[in-house]
Amino acid sequence: MFSVEVNHILKAYGNRAVVNDLSFDINPGEIFGLIGPNGAGKTTTIRMIMDIIKPDSGEIKIMGKKLTGASKNEIGYLPEERGLYKKLSIIESIIYFASLKGMDTRTSVERGEKLLKRAEMLPHKNKKIEELSRGMGQIIQVIVTIIHDPKLIILDEPFAGLDPVNTQLLKDFIREFRSEGKSVIMSTHRMNDIEELSDRILMINKGRMVLYGDLTSIKSKYRSNSVFVEYEGELGDIAGVIEKRMHNKTVELMLDEKTTPQILLGNLVKKGVAVSRFELSTPSLNEIFIKVVGDGHE
Amino acid sequence: MNKTLLLAKHELLITIRRRAFIILTIAFPLLALLGLLTAQTIPNMVKPSTEIEQIGYIDEVGIFNESISQGNLSLVSFSTEEDAKNALIDKDIIEYFIIPSDYISTGLIQRYSLKNEVEPKGTTQTIIRDFLLSNLLKGNNADVIERAKSPMNIASITLTGTGEIAPQQGGFAAIIIPYIFSILLMIAIFTASGYLLQGLGEEKENRVMEILLSSVSPGQLLAGKIIGLGVAGLVQVIVWLVSANFLMRMASASFSNIIGVLNVPPLLLIFGVIYFILGYLFMAVIMAGVGSISPTAREGQQMSALFTIPVVIPIYFMALIMEHPESALVKVITFIPITAPITVIMRLGFSEIPVWELAVSILILMLSIVGFFVLAVKLFRTYLLMYGKRPNLNEIIRSFRNA
Chain W
2 MFSVEVNHIL KAYGNRAVVN DLSFDINPGE IFGLIGPNGA GKTTTIRMIM
52 DIIKPDSGEI KIMGKKLTGA SKNEIGYLPE ERGLYKKLSI IESIIYFASL
102 KGMDTRTSVE RGEKLLKRAE MLPHKNKKIE ELSRGMGQII QVIVTIIHDP
152 KLIILDEPFA GLDPVNTQLL KDFIREFRSE GKSVIMSTHR MNDIEELSDR
202 ILMINKGRMV LYGDLTSIKS KYRSNSVFVE YEGELGDIAG VIEKRMHNKT
252 VELMLDEKTT PQILLGNLVK KGVAVSRFEL STPSLNEIFI KVVGDGHE
Chain X
8 MNKTLLLAKH ELLITIRRRA FIILTIAFPL LALLGLLTAQ TIPNMVKPST
58 EIEQIGYIDE VGIFNESISQ GNLSLVSFST EEDAKNALID KDIIEYFIIP
108 SDYISTGLIQ RYSLKNEVEP KGTTQTIIRD FLLSNLLKGN NADVIERAKS
158 PMNIASITLT GTGEIAPQQG GFAAIIIPYI FSILLMIAIF TASGYLLQGL
208 GEEKENRVME ILLSSVSPGQ LLAGKIIGLG VAGLVQVIVW LVSANFLMRM
258 ASASFSNIIG VLNVPPLLLI FGVIYFILGY LFMAVIMAGV GSISPTAREG
308 QQMSALFTIP VVIPIYFMAL IMEHPESALV KVITFIPITA PITVIMRLGF
358 SEIPVWELAV SILILMLSIV GFFVLAVKLF RTYLLMYGKR PNLNEIIRSF
408 RNA
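Protein chains in written order, with the working numbering: chain W, 2 to 299; chain X, 8 to 410.
Hints in this document: simulated from the structure, not taken from any laboratory.
All C-beta atoms, glycine included, are put in the ideal place defined by N, C-alpha and C.
Please note that a few of the clues may not be correct.
A few chain X positions that, by computed beta-carbon distances, are all more than 10 Å from chain W [unchecked claim]:
{"hint": "1", "residue": "79"}
{"hint": "2", "residue": "84"}
{"hint": "3", "residue": "277"}
{"hint": "4", "residue": "306"}
To give an idea of the chain W side of the interface with chain X (calculated C-beta under 8 Å), a few residues [said to hold, decoys possible]:
{"hint": "5", "residue": "51"}
{"hint": "6", "residue": "70"}
{"hint": "7", "residue": "78"}
{"hint": "8", "residue": "80"}
{"hint": "9", "residue": "82"}
{"hint": "10", "residue": "86"}
{"hint": "11", "residue": "87"}
{"hint": "12", "residue": "92"}
{"hint": "13", "residue": "96"}
{"hint": "14", "residue": "97"}
{"hint": "15", "residue": "98"}
{"hint": "16", "residue": "100"}
{"hint": "17", "residue": "104"}
One chain only, chain W, in its complex shape (with noise of 0.2 Å):
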């Protein structure tokens, strides 16, 4: 059973469709990668799993069902927009939006205090909100999200206004998630977070797909026939290389159609060039993207 199953989804706003006949599926224990640029529909796509706001039409499944109350407490959800009572103390705001959640009290302080103990934020536990700098309320945006142990946990632009000691701890928060069988959803518009983290991506753009699947797969499929090489000696010329490409110490060979990065070791093999590094050249994402979207993205 998928964790979420989204069928052809539409939401327009006046005229203009948002999100745009998008359909994906997402798996447990994976973390799926929500990507696309500034205005894309992501946040969108969001609110409707999360049933804030409805499709104009399509059709959302959680866990197998519609969402409903009860289904609603198997999801922990981070929103965009951060927002805390600022006059609660850390942890009574723990404990209601826990309770929110179907949680009793002294579950919720017990692993409440857990989570603060690993933030190292235990000590501020009585701190009001407003006390606290604006990457503290972020952690604790994210205990309160994740406060009642959720199967799913939708992170909209998770890491925004993170130092990187904090980053850290959430990037490790999010491959626990993964390893104890739960869904991540992950959405942000810094491939680099998504290329470390994902195992599979929703690439989207103006509301629409702009590429589904297996993150290693999309890398392959969109992989520029071309290889790093770093040598000794004298390169030359190369049966089967139609380009090179200095970058510092090292050359980024193009190949023909023809020729495998296979066939061209070989070739360099059989020229006496000592090879100290032989690497495929992997696109970045955001190359991919702007690759997909080329003049089409604003």
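Given the structure of chain W, go ahead and fit chain X onto it with the hints provided.
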């Protein structure tokens, strides 16, 4: 616990911890108590002087020979005006008056005093009047003279249509109680629904809204807020009613001669609570709708004035409601949900309301509460995440059609 109740409990606790709420709740009873205590102490503080003061008179008619004393005032006779004037200048007397020879036909007396005043003091007027009466009626029975001095003490009794003594008697008490009640009811409704509006605005501004909605539905969210704040408002109303009852007993005990016995008819108490609940719920769903379409708490407040002004309208019609409770206009404002609570409370205080009118008014209120709640939830769903932009009227109407 049910999520709606959890939200309600949270709102209730947050609200009754607000300093403004606590102050408002205890301010009214406290101010009234303070007023009462002041009113009770002031007369005791101004100690009546024990010194006897004398008022002189010159009788030119020749029948006013029976001098009298009242309290610390006494009258002394002078034979000539010259003597009286000297006595006044020497401060032996505080003033004097002349009863001219044509007094019997004109009723005019001339009063001379060293002071500039609007009119003679009450005690002075009384002693002079009583002195004149005693002498004019000389020879009559003493009881008759006493009666002539205060010939009319009215005790009015209102009868019902069947000739029995009506449970509610008129008088000052009959006006002041409905008036105070309707003002208190209005303040309570405005306070509680105002908190709702403010709360919605704040949650939009501090972005808590979206987190709440990841746990509860928009309907649950609104219902929870409305219930929680309503209970807080009810606490306020009950504190006021209980203390009003207590204070009125205190006031009746001290000032019964001025204001008569103030007692709150039980019917007014019961319907006071019922109409607080209904009136509050109606305003609350309206405010929920207003809060949904206004991007900030401040803008919400401005827009809400459109709906709070009509609530006050019945106060302007107070005279009409009092004198012509059966007029068509009064009936209409009894039935319009936004004016009904205040109108009914005033009508209950002044006279009786036919049962059918009460029933219709309550039914209309309840139906409109349900109707407006559904609308408010729709508006809420459509507009709550539109930060910073207020929709125009066309957009709102369109969204009703689409919803």
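Hint check results:
no.: 1; hint: 79; verdict: holds (63 Å)
no.: 2; hint: 84; verdict: holds (79 Å)
no.: 3; hint: 277; verdict: holds (35 Å)
no.: 4; hint: 306; verdict: holds (18 Å)
no.: 5; hint: 51; verdict: holds (5 Å)
no.: 6; hint: 70; verdict: holds (7 Å)
no.: 7; hint: 78; verdict: holds (4 Å)
no.: 8; hint: 80; verdict: holds (4 Å)
no.: 9; hint: 82; verdict: holds (4 Å)
no.: 10; hint: 86; verdict: holds (6 Å)
no.: 11; hint: 87; verdict: holds (6 Å)
no.: 12; hint: 92; verdict: violated (15 Å)
no.: 13; hint: 96; verdict: violated (10 Å)
no.: 14; hint: 97; verdict: holds (6 Å)
no.: 15; hint: 98; verdict: holds (7 Å)
no.: 16; hint: 100; verdict: holds (5 Å)
no.: 17; hint: 104; verdict: violated (11 Å)
Hint compliance for this structure: hints 12, 13, 17 are broken, all remaining hints hold.
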